[in-house]
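Residue numbers (the numbering used here), protein chains in the order written: chain A, 111 to 367; chain B, 8 to 253; chain C, 14 to 322.
Don't take each hint at face value.
[Unchecked claim] Facing chain B, according to a computed beta carbon distance under 10 Å, are these residues of chain C, among others:
no. : residue
1   : PRO235
2   : ALA236
3   : ARG271
Bear in mind the hints are in silico, worked out from the structure with no lab data behind them.
Quick reminder that beta carbons are idealized off the backbone N, C-alpha and C, glycines included.
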Amino acid sequence: MTRLRYYLPAVAVFVLVIAGWELLVALLHIERFLLPPPSEIVRSLVEEWPTLSAAGTTTLIEAVGGFFIGLAAGLVVAFATARFAVARAGLMPFAIAANAVPIVAFAPIMNNWFGVASPLSKMMIVSVLVFFPVMINVVRGLTSADPATLELMRSYAASEQEIVRKVRIPAALPYFFTALKVGATLSLIGAIVGEYFGGANDALGRLIVENAAFLHFSTAWAAIIIAAALGIAFYLLIITVERATMPWHASMRARDA
Amino acid sequence: MSGETSTALQAIDLAIAPGEFVSLIGPSGCGKSTLLRIIGDLTAPSVGNVTVNGKPARQARRDRDYGMVFQAPVLFDWRTIEQNVQLPLEIIGVGRGERQRRATEMLALVELSDFAGHHPWQLSGGMQQRAAIARALAFEPTLLLMDEPFGALDEMTRERMNDELLRIWERTGTTIVFVTHSIPEAVFLSSRIVVMSPRPGRITDLVEVDLRRPRTDATRESERYFELITQVREALRAPERRSVLR
Amino acid sequence: MTADGAALPRRSASRQRLGGLGSALGSTAAFVAVVLLLAVAWEAAKWIAGDPWREALGMPINPPHFPPFHIKQFSDLNLPHVWDVVGAFSRPSVRNSPFTLGAVLIDAAVFTGRSAVLGFAVGAVVGLGLAIVFVRSKLLERALVPYVIATQTVPIVALAPMLVLWVGREWTSVVLVSAYLTFFPVTIAGIRGLSSPDPRSLELMRSYAASDWSVLWKVRFPAALPYLFTAFKISATASVVGAIVGEEPTGIRGGLGRAILQFNTQYSSGPEKLWAVVMVSAALGIVFFVIVRLTEMVVLRNRTLPTDL
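One chain only, chain A, in its complex shape (with noise of 0.2 Å):
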């Protein structure tokens, strides 16, 4: 099936959704204040633009800062954890747990610690919610190669970095992976709900707040969509860098997220 005709689908819900909300909201005579009609949207998306883009483009930097700090550490310590199986049986399961604490908790003390007018607050938030799930994939990924694998490898008398490199790493791709796709959601919302708390004016979150509360929804959906095409966009880059390093896999992957 060609390309267009495999989203077609998904295009054609997209313009009826469109289409029927506009003509809801005009045919019901809906308060424009409590629902706006896309057109509506559009044109504070229009007229807004330099705050929209502005405060996009704070939040974008939080959220990619976040993430590669969470990356990093994640990794750092999954590296290290996989390694020593009693570091494994010791970490791995409060991590899980950790990965459970709501974000909302730490999100203020965040903000106390490092400032809540700084960028850095609401990248530490960030690197929070993508250090677990880097960390818990990437060590599961590590420690998943094939026995029968592995004990080719101990016959061609392999040095452990050799394993590592050639067996161990290639096997944790997909969990890597994965774990990049969650994290990038989560930075655009961790940034968000941290800037919720407190911080700049001109971030995304902190605009959708204040329109809200003053019943300009038009510009709180327009900021919002952005924040969903932001998001969107990280993860669709994201899988681009999955087809690219991993294309001998990413084809199974048809019916992953």
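Starting from the known structure of chain A, fit chains B and C onto it as the hints suggest.
Same frame as chain A, but now just chains B and C:
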């Protein structure tokens, strides 16, 4: 029944009597599994028709006239052996008490009664296959379709399973269509062997097996047994020789 | 009994169950060990680079200890002593309040927990329903899955105030936010799991002329359970996050969300209270996770697939 397709199978014209044990044998690509699946209405023939018990194959499937056994046992991990055997009965809508009774009966037939409460992964390959056979017979089908059911087992287990299968066949009187790769197995088990060859898939020979029943280890050492094996082997080779000579 | 190859069953189910319990105890012990280690590291960091230590655990230190370095994040304001945080639970939540912080927080946790449980249930049902629809209809899957994924990129925090306006009832909004964060992992895992059965199992069912519903209930659903539980473990904590996040913009009183906001504004007068809320929130998330894990151990007790937690 008769069926005809252009690619996988061609000009198949075969009739099987009730209670017969018929083997389909041939090299890879000869269409024996496809033929079995057509009989079972898991694949539809593009031309021709299949009649089972006087009905079209689709109706026979709907009426649950046959049971199937594949090369892999395909048991459900999350069910005990007994629950696995009850599966078709649940689908048919048999009541709980009756289901229990029939499952117990079938497990006794395949001699797995002691393992009714175990899970598939706790059993060896041969035992799992016995459970699959018990399941296939649970609703007492008139026809049993078997696609290389013992192919994944070692030779000794295979021979024992062949003895088992004949014992069950004699008890139940089910018609069996049996696909196999193994010439000795086909000769040991069947009343008739259908020899097939590929490109295009077709029937090239029919061999009547006149070995006396019940067949035992003694049968395996008889002269007639070896003669028949040779006969089948030559029937399998014949199409090659014909094309070489041409 | 006819012998054929290995006649003895390979592993008894009860032995495997004990093994699972043993590893669960081991994981708990490891978790506790790490928490203790963290507490030690916490105080060590303050010893080396925090504010001067004039007292510890209620006893004065004479002469006071002056740490050689000073890192702002380790000050008493930003990283209160472990015993101060623990002690805060038994002190009044606000001045002149008859209730201890501990009591208040436990009440708040139960309050939020109720919303989270309902949110989890709604999210799980919706998620599974979507998965069933998508497995049934490839067309609907292609049409809708991109939007399902897109929903997770929309910061629900932003939608929450609007949600209250539309729905009108505060508590319902909280449950909806919680469900919003819960359904997605369940949908994705559900699609994977429902499509996971061996095609031969499906052929077997076809040979029985089984109805689609039969196939769903007897084959696809049991096959999907391991995948679903992996998602439930993620969703368990997501539902708690959703409940807390949902409470804040709706201004609903009595839950952890409100407590976080309250103690955040009072941070300078009592940093340990915010930390206490953090710990209670963490504990709530972990409790949900453990409940799901225990349920998983019971439901999947007869399967062979191991998990690492």
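Do the hints match the structure? See the list:
For the restraint placing PRO235(C) at the interface with chain B, the shortest Cβ-Cβ distance is roughly 5 Å, inside the 10 Å limit, so the hint holds. Using the Cβ-Cβ criterion of 10 Å, the hint placing ALA236(C) at the interface with chain B is satisfied: the shortest such distance is roughly 8 Å. This hint is violated: ARG271(C) has a C-beta 44 Å from the nearest C-beta of chain B, more than the 10 Å allowed.
Checked against the numbered hints listed earlier, the structure breaks hint 3 alone; every other hint is satisfied.
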